[in-house]
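The numbering of the sequence shown is the UniProt record's numbering, which starts it at 1 and goes up by one.
Check the hints yourself; a few may be wrong.
[Said to hold, decoys possible] Below, simulated DMTMM-like cross-link-like pairs (lysine to aspartate or glutamate); rule was C-alpha separation at most 20 Å, straight line:
#: 1; residue 1: K84; residue 2: E117
#: 2; residue 1: K84; residue 2: E61
#: 3; residue 1: K233; residue 2: E212
Honestly, the hints are just simulated from the structure, not real lab data.
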Amino acid sequence: MRGLAFTTNRLLCSLFRCKPLVKRCREVRSVLSVSFRIQAGASLLAVRPHDRSGWLLACHEHWQPTLGTRLCRHLGALRAIHQKGVNLTDVRMEDGQEFAQVGSSLDDAWQIRSSCESGRVVALQCSACGQRPAPGGRVVGGMDAAPGRWPWQVSIRHGSRHRCGGSVLAPRWIVTAAHCVRSYRRRSASGWTVHAGVTHGSAKQEAGVPVERVISHPLYNDNSMDYDIALMKLRVPLNFSDTIGALCLLPSHQDLLPGTPCWVSGWGYTRPDQAQLTETLKEALVPLISTQRCNSSCMYAGELTARMLCAGYQQGKIDACQGDSGGPLVCQDELAWRLVGIVSWGQGCAEPNRPGVYTNVAQLLPWIYHITEIY
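Please model the complete structure; the sequences and the hints are all you need to start from.
This is the structure in structure tokens:
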């Protein structure tokens, strides 16, 4: 299995583009693009048009629960956990506070108003993700990771043996690589356990949580490694703490540039010539590589699909290797850590012109949302 190997006050903001309005009342101005944030404390939803410096509170009229779910996902969270209307009389506001009114969907233009007809504004809480309270450390060419450094990292085991890495998306949902579970596809989830909050591969301080269901992507191809993603639903939820937490997803509209620094972590081989898992969780910094470059004749010659991405170094030295398939490739933006890739495959370990290939999670978000809704 592919893994990691080496030779050496919460604020959520996002761009959302909206369609222009055909007609509106004269006293209302249409806004074609806005940023969002959820204010700390009261969790009030605020909107900022890109031609303004101030934040507007979102009016509750026309608000629907589906809008909250969509907005939380737009910000990178898996789901909305609480949303309601808050009376303006219960909100502390600055003089001259303005408001924004949404239409029947987030695709409609937001309108700027001087008041809310309902007398209420939107309070929205998204599932917590992407925060790590503990400071941290690096995998082949990597260093030991401090406890709590990557609170979403889990060890997926079958029986007592570590099989793959994985990432926490929610208290009962883990994402990993489909090739990790391919041999067990027709079997029950019996025997699978997830170990969270551990940095030592053999540590027994945290009992494993049994897996209730394993769902591989139906289009997964064992030859091309396309659609290499699977979800595990746990029998009981994880207890989040300083060392256990969820990872944010990457908003579907957000593109990361080649060279963006990201981190990969796991218990995989630390030397490609030494077939032994490391006892301590390792981490390494790897830059993203453009798909065009990775698909060039000097690298993978067109083997990458749209569901794959590359990260690593042209000269090798730091890469993914056997033992940590399914583990996370994460990047940080606006104080949140986001799942960008899943350790999938490569040719050799830390070889020149053979960077690690990862499942491109942004391309598979609709499937993730669908599965976590229906199960």
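Consistency of the hints with the structure:
For the hint linking K84 to E117, the alpha-carbon distance of about 16 Å falls within 20 Å, and the restraint holds. Pair hint K84 plus E61 holds up; C-alpha atoms about 11 Å apart against a cutoff of 20 Å. Between the alpha carbons of K233 and E212 the distance comes to roughly 6 Å, so the proposed pair stays at or under 20 Å and holds.
No hint from the list above goes unmet by this structure.
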